[in-house]
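Protein chains in written order, with my numbering: chain A, 1 to 317; chain B, 1001 to 1175.
To be clear, the hints were calculated from the coordinates, so they are not data collected in a lab.
For each label pair, taking beta carbons as the anchor points, the in silico distance ranges come out as:
(1) A304(A) - I1162(B): 34 to 42 Å
(2) F1023(B) - M88(A): 56 to 64 Å
(3) E71(A) - E1093(B): 35 to 43 Å
Since the model is a prediction, treat every value here as computed from it, not as a measurement. By construction, the Cβ of each residue, glycine as well, lies at the ideal position given by its N, Cα and C atoms.
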Amino acid sequence: MKRIGKKGFIEFGWIFALIVGALILFFAFYFIGTKMNESKTGQGLVAENTLDILLNPFSSFGGLGATSSKEVTLQKKERFNFSCNLDMGFGYDSILSATNPGVRMAPKKVYDKYIFTESSIYSKNLQVISKPFNMPWRVADLIYLFSRDRAYCFVGMTGSTIEEEFGAGTTGMNISNFKFKDTKADCGNSITVCYGSGCDIVIDFEYSRVVKGTREFPFIDDSTMYAAIFSSYDIYACNMKRVAQRIRYETEVYRNKARALGVKGCSSIFSLEALDQSANQVINSRTSAELASSIYTLRAAADALNSQNMGADCSLY
Amino acid sequence: MKNNLTKLKLRKKGQLKIQEMAFVLLGVIFLFALILLFYVSFQYRSWQKVAVQSEEARAITLLEVVASMPEFRCSSSFSSASEAVCIDIDKLEYFNKTRSIRDKYSVLWESSQAAGVEVQEIYPDKKTYTIYSKSGFQGSSKTYSTYSAICNQEYGELICKIAKIKIKMIMPESK
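Build out the structure end to end from the sequences listed, making use of the hints.
Written out as structure tokens, the structure is:
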């Protein structure tokens, strides 16, 4: 054996080569491991940012289109976790890429969009729909985001505004994973939506609410009704508060606008205070009952302001 | 005596071998360092390119967003169309002179990586309305702009001017 010297010691060259070889291997594995982790983090960040950018055209508040939809196909199946926060004035929606559970990701905070969705989506194919929220002016465009792998079956809604808007008719957007059937039996495994009872999602126009299991989502117009259908309760309630905050900020701008119109000789009076106060009640609501009553009050305040605006000598909005 | 000479020769031979190995190792380390540097700079450039493209896409969308935000947009009653495509001077003026409202909206612009947003009249006047300005910002930036009509709602009349919406975007290098 050449490795063993005359006196039985291992030769210096071999010890040296073993140590250096081990070091090189260690650094190589360390480098590859770190790079793989970084690469996964990078992919996650790209996924979060891509989703944010893909949703951008839908946040252009007050764009000319009334309701719009888009099918978004990602490069691969991704898991996104969504949450909503009320901090820092505007509040924000968080998009967190959770495709690689072992990789620690920072969520993408989205301040300029109101994303109504489930708390987690795992899909390659996403459907995005946006609809303006008018309260009373066009406050923002609400974004509904869901997986195209989930089919929604609207039972007994043939000829309704929902079918007109989303169905395959001439005015509809022809959303591929929406079905309109006469009976629940025709729906198969789809999530069923109907007016009466016995469906997964029930729309109750009498009490202006959407019922999912034991949860009740109060709505005040079509845009909030769709928001209730496609989102989880926490995200719905939080985003309604964020929208109310937006109304408060916009009310401040319109209050000044009303003053400017007054200086120019317009005599109309607009009750912006009532709108501001009811929006504040929505923000401060703590229970679902409080949220419901406050958003109905907001609707009433917006209706009253709308009547004043229609009859004004100089329209405010 | 002969034994000592042999020992000396062996020692010298051993030292030479150690030196050889040390040089080879230095060479290997240098080679690895070069490969690593090349890889890092390649990765950095490709990420930077993606970041710049993403900033440009964001800037273009932002220009559209500013023109259509209810905070700035003309009232629908300004024209016969349901949505008038113009910016309301009264609203701009309010943002320009009121720091508190600018501060409230600053989080929107900051999250979009904007360092400044302004509307500049180009005809007939030259007045500039500041919507947002990131305080103390001196980093690298790029300004994107688009043309828009800005209008004043007089009693029963609409007086419009031509203006430029300018958005100063923070470029990735300066972050």
